[in-house]
Amino acid sequence: MQTIKQAVAGTVESSDAQVMILPQAGGLKITLDSSVYDQYGQHIIALIIETAQALGLDDALIKVVDKGALDCTIKARVETAYYRAIGQTTNLPWGCSKWQ
Amino acid sequence: MTISFHHHLRDGDYVVNMVMKEIHKLGIKDLTVCASSLGKAHDYLVPCIEDGTVTGISTSGIRDEIGEVVSKGKLKHPAVIRSHGGRARAIEDGTIKIDVAFIGASTSDVYGNASGKGGKSDTGVLSYADGDAKYANRVVVITDTIVASPNFPASIEGVDVDYVVKVDSIGDPAKIATGALRLTKDTRELNMAREVAKCMYHSGYFKDGFSFQTGAGGSSLATTVFLKDYMQQADIKCGWAMGGVTEPIVDLFKAGFVNKVLDDQSFDLAAVASAHQPGHFEISASQYANPFNKGAFVNQLNFVILGALEVDTDFNVNVVQGSNGVLRGAPGGHPDTAAGADVTIIVAPLIRSRMPTVRDRVTSITTPGESVDIIVTDYGVAVNPNRQDLLAAFKDTTIPLKTIEELRDLAYQYAGKPAPVEFDDQVVALVEYRDGTIIDTIRKPKHLN
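Order-wise, the sequence lines are chains A and B. Per this note's numbering, residue 1 is the first one in the first sequence, and the count goes up by one each step. Per this note's numbering, residue 1 is the first one in the second sequence, and the count goes up by one each step.
Check each hint, because a few of them may be wrong.
Said to hold, decoys possible - Here are some chain A residues the structure puts well away from chain B; computed CB gaps all over 12 Å:
no., residue
1, MET20
2, LEU22
3, ALA25
4, LYS29
5, GLN39
6, GLU50
Unchecked claim - Pair by pair, the computed Cβ-Cβ distance ranges are:
no., chain 1, residue 1, chain 2, residue 2, range
7, A, LEU22, B, ASP424, 36 to 42 Å
8, B, LYS97, A, ILE30, 53 to 59 Å
9, B, LYS446, A, LYS29, 54 to 60 Å
10, B, HIS447, A, ILE86, 33 to 39 Å
Derived from the structure by calculation, the hints contain no laboratory data. The C-beta atom is built at its ideal place from N, Cα and C for all residues, glycine as well.
The whole structure should be built from the sequences, with the hints applied where relevant.
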């Protein structure tokens, strides 16, 4: 179990997503508000869980407001929020994420 | 009973809400509203729909709150979505019988010779009200500016008018015509606009005296700038431009690159001002786009540049229904101009906020693929295989040709294939093609339950 603090990444501009990570015990909980929920909601939730798990984030509340971001954007926002949440500011795995 | 309105006052319209509030007070029920278009300014129709005052709608635009309430199935009868030409036809052939036409007019004399010009709320033209005045049982002109008789030239003639009603204000001039629509600086839109102009230049129809129409979207508007360069290069002039007139068209007209302007709707202040000038002519909706009269100008168009919410691999276009199933658009003159023009060009980004524009199937059809020739996107240009002449003309150019299937595959590759939206059985709207046939039905999306 990692020690995390509340962190956020991304914006609510069109084609972006805002990801907020909050400390919470008892597994991963995702909330998703998406402009394309009906077409891509389940896919996006699965992507967020997959990305979080690959980062080793097992206990957290992840709140995502999606404005039609592509997968690459959503992954990048989750990763950034994660590194901010664990306070890692150096040795960031640029362009080569752990989950790959 | 059927009542009618026009939408020349656009987002600044006070007339529809003003009339509907009085009707509401009188407790009249079960009305059909036949509007040339509906938008934000007409939101008083929402409570009228919810309590059965209005049970039927015929319109081009169906969006915002009205789009939502109709999508939810609150309107008793399915809404009928008609193009501008289709509405003119339906009024003339008797499909729609208007009992009372309410016509907001910028100016009128006491006998109802009414015009879109002058007054406090200058709309330039009153094209869409022409058929209403000529065919309705009762015609009511509503104006805030009574002028001395005769108010000539009159778009609406006093011989057709039963009542003239003076009110304090028919609209908010600031919202009737938007100020200068700024030309886009968005690189993606500019690149698409450049490809559109290039397609026109190489099409074989780009000759002295050519005619065209563009929409008011970013890329469509920007096309005019590149068009000017190509006209200079080829040393030709445009015979006439038609539309939905906007400032870039007016600029070309003033600079002598466009000889005449045919106006069925003035979109901005520059267009409204230009409507007062010689060479800038008001045309009625029927003259513009009616498929069944003998001289509609859409049939003389060489080019039309149009937008799309969705395009499918059969080149069908949807401009009415969002990809989530909710009504949020308007056919306007889309199917009319597409059917009439020699070259119909659709310009749209391949993906908008993850939603693929080019896809296997449009959510509903507004304009059939057989009348669509070229799709210009930011990832390439697809030509309808029916147009071998255009494919041959574009062969040795720098136009980035792709098949429509390749564009769809690219969209799905970047965005993923969208899960299909689920619908209930309830039909909430019918999309009527310009000739009166039903080209598609729109059902209530399940997520609105």
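Note to self: Tell me the hint numbers this structure goes against, listed in increasing order.
What the structure shows: 5, 9
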